[in-house]
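Visitor: Given next are the chains, with one letter for each unit.
2 protein chains.
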Amino acid sequence: MTVEQAEGRPARRRGRRPGGTDTKTALLDAARQVFSEQGYDGATVRAIATRAGVDAAMVNHWFGSKEGLFVQAVLQLPFDPKDLLDRLTAGPTDTLGERLVRTFLTTWDATGGGHFTALVRSVSSHEQAAHLLNDFFVKQVFTRIAGAVAPDTPQFRGSLVGSQIVGIGMARYVVKFEPIASADIETIVRAAAPNVQRYLTGDLS
Amino acid sequence: MTVEQAEGRPARRRGRRPGGTDTKTALLDAARQVFSEQGYDGATVRAIATRAGVDAAMVNHWFGSKEGLFVQAVLQLPFDPKDLLDRLTAGPTDTLGERLVRTFLTTWDATGGGHFTALVRSVSSHEQAAHLLNDFFVKQVFTRIAGAVAPDTPQFRGSLVGSQIVGIGMARYVVKFEPIASADIETIVRAAAPNVQRYLTGDLS
Chain A
129 MTVEQAEGRP ARRRGRRPGG TDTKTALLDA ARQVFSEQGY DGATVRAIAT RAGVDAAMVN
189 HWFGSKEGLF VQAVLQLPFD PKDLLDRLTA GPTDTLGERL VRTFLTTWDA TGGGHFTALV
249 RSVSSHEQAA HLLNDFFVKQ VFTRIAGAVA PDTPQFRGSL VGSQIVGIGM ARYVVKFEPI
309 ASADIETIVR AAAPNVQRYL TGDLS
Chain B
129 MTVEQAEGRP ARRRGRRPGG TDTKTALLDA ARQVFSEQGY DGATVRAIAT RAGVDAAMVN
189 HWFGSKEGLF VQAVLQLPFD PKDLLDRLTA GPTDTLGERL VRTFLTTWDA TGGGHFTALV
249 RSVSSHEQAA HLLNDFFVKQ VFTRIAGAVA PDTPQFRGSL VGSQIVGIGM ARYVVKFEPI
309 ASADIETIVR AAAPNVQRYL TGDLS
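For the protein sequence lines, the chains are A and B, in the order given.
Just so you know, we're using this note's numbering here: the first sequence kicks off at 129 and counts up by one.
Just so you know, we're using this note's numbering here: the second sequence kicks off at 129 and counts up by one.
This is chain A alone, in the form it adopts within the complex (with noise of 0.2 Å):
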């Protein structure tokens, strides 16, 4: 036990300079521990950053939030979701399923397809990332699209959605179904992009 746990106080690793690239390590790390413990919900910032032993105002400063911070940590997502988010629900509604499936495309594209090929390796090998993959994303990311146009029924077109762009990536970068793998992105746009928005607006029942 070091001086600062038996202190009470977080513990902090000699030589580590505050706010350096040591710190994020460390911040990951415990993000690992701490989601893997909590769930994406239970999770705070403050216990993150107190399993790390540095301040919970690193958080901000090396991921933007917590969801920067999973997205990284757990996720290694290529992107950051806020700006999908925002990027997605800018625009007309009755083609938010086209800008769904091109923004997908174009950045899971940009890393070859082997980061999702890793994220589903992860998923289908542990039941917990699984279950945080489903928590953030579901509830993050394809719910709030799907409630800001379709307030009735949000989680089930969500999933719905997310059904289907997740098909289109298994399609594309792990099983590689021809021609989807090596099709031009405005093919798969065309043809994908009016049954997402089904799933989004129209009639499911």
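There's no promise every hint is true.
In this list, chains with the same sequence are indistinguishable; a pair is considered to hold if it fits within one copy or across any two.
Stated by the list, open to error - Below, computed lysine to any residue pairings styled on SDA-like, alpha-carbon distance capped at 25 Å:
1) Lys-267 <-> Ser-193
2) Lys-152 <-> Gly-167
3) Lys-152 <-> Asp-312
4) Lys-152 <-> Phe-207
5) Lys-267 <-> Glu-306
6) Lys-267 <-> Leu-203
7) Lys-194 <-> Gln-325
8) Lys-152 <-> Pro-307
If you are wondering where the hints come from, they were derived from the structure by calculation, not from laboratory data.
Chain A is already provided as a structure; the job is to place chain B on it using the hints.
Guide: Then chain B, alone, in the frame of chain A:
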């Protein structure tokens, strides 16, 4: 080298009874190797039987066909794709999407979803498994289904159908997006079947 190999005859392990369960195991092992080396199309029943050191007739005896052997050896699917195709293509074209979603959910629900998750783990961890699944499913299942109703662009339609079906599996069994994860089958059929039907017979341009 065994006497049989030296003489160019198929090797036969001591004590194996032709037609017995060790023949079945030997065929499964040989099939995994040969499919992995040659792909689905390149692998022949004869090559697999030779590798297993048994007569090619044993493939029909135990697995019905090359397809059946592939499904059990490599994909470990909980259904026979020939039965599936027969069941799906029987009945009116305009409700094929509905039958497809219902059959998919009924089949995989029967295994509690664990087999689907294992399949996803396998294809996201091994490039070769993804390649085999792709080769088999697009050519043998989805494209045949789409080809039966829409001979113009069966592979594009088939891969789109595949994307939605795999996506529903991801949502229900792997990531467990609610309410898809616990909804009754008919609720999902009502919501998703029109989208699958559009991929099969609708205007995609």
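Visitor: All hints, please: hold or fail.
Guide: Verification of the hints:
Taking the shortest alpha-carbon separations for Lys-267 and Ser-193, only the intra-copy value of 16 Å comes in at or below 25 Å, while the best inter-copy value is 46 Å. Taking the shortest Cα distances, Lys-152 and Gly-167 sit within 25 Å of each other inside one copy (21 Å), while across copies they are farther apart (45 Å). In this homomeric assembly, Lys-152 and Asp-312 never come within 25 Å of each other (Cα to Cα): the closest approach is 37 Å inside a single copy and 44 Å across copies. For a Cα distance limit of 25 Å, the shortest separation of Lys-152 from Phe-207 inside one copy, 18 Å, qualifies, whereas the shortest one across copies, 49 Å, does not.
Taking identical chains as interchangeable, the C-alpha atoms of Lys-267 and Glu-306 lie at most 25 Å apart only when they sit on different chains, with a minimum of 10 Å there against 32 Å within one chain. Taking the shortest alpha-carbon separations for Lys-267 and Leu-203, only the intra-copy value of 15 Å comes in at or below 25 Å, while the best inter-copy value is 33 Å. Taking CA atoms no more than 25 Å apart as the test, Lys-194 paired with Gln-325 passes in neither setting, with 30 Å inside one copy and 41 Å between copies. Taking identical chains as interchangeable, the C-alpha atoms of Lys-152 and Pro-307 are never at most 25 Å apart, the minima being 41 Å within one chain and 36 Å between chains.
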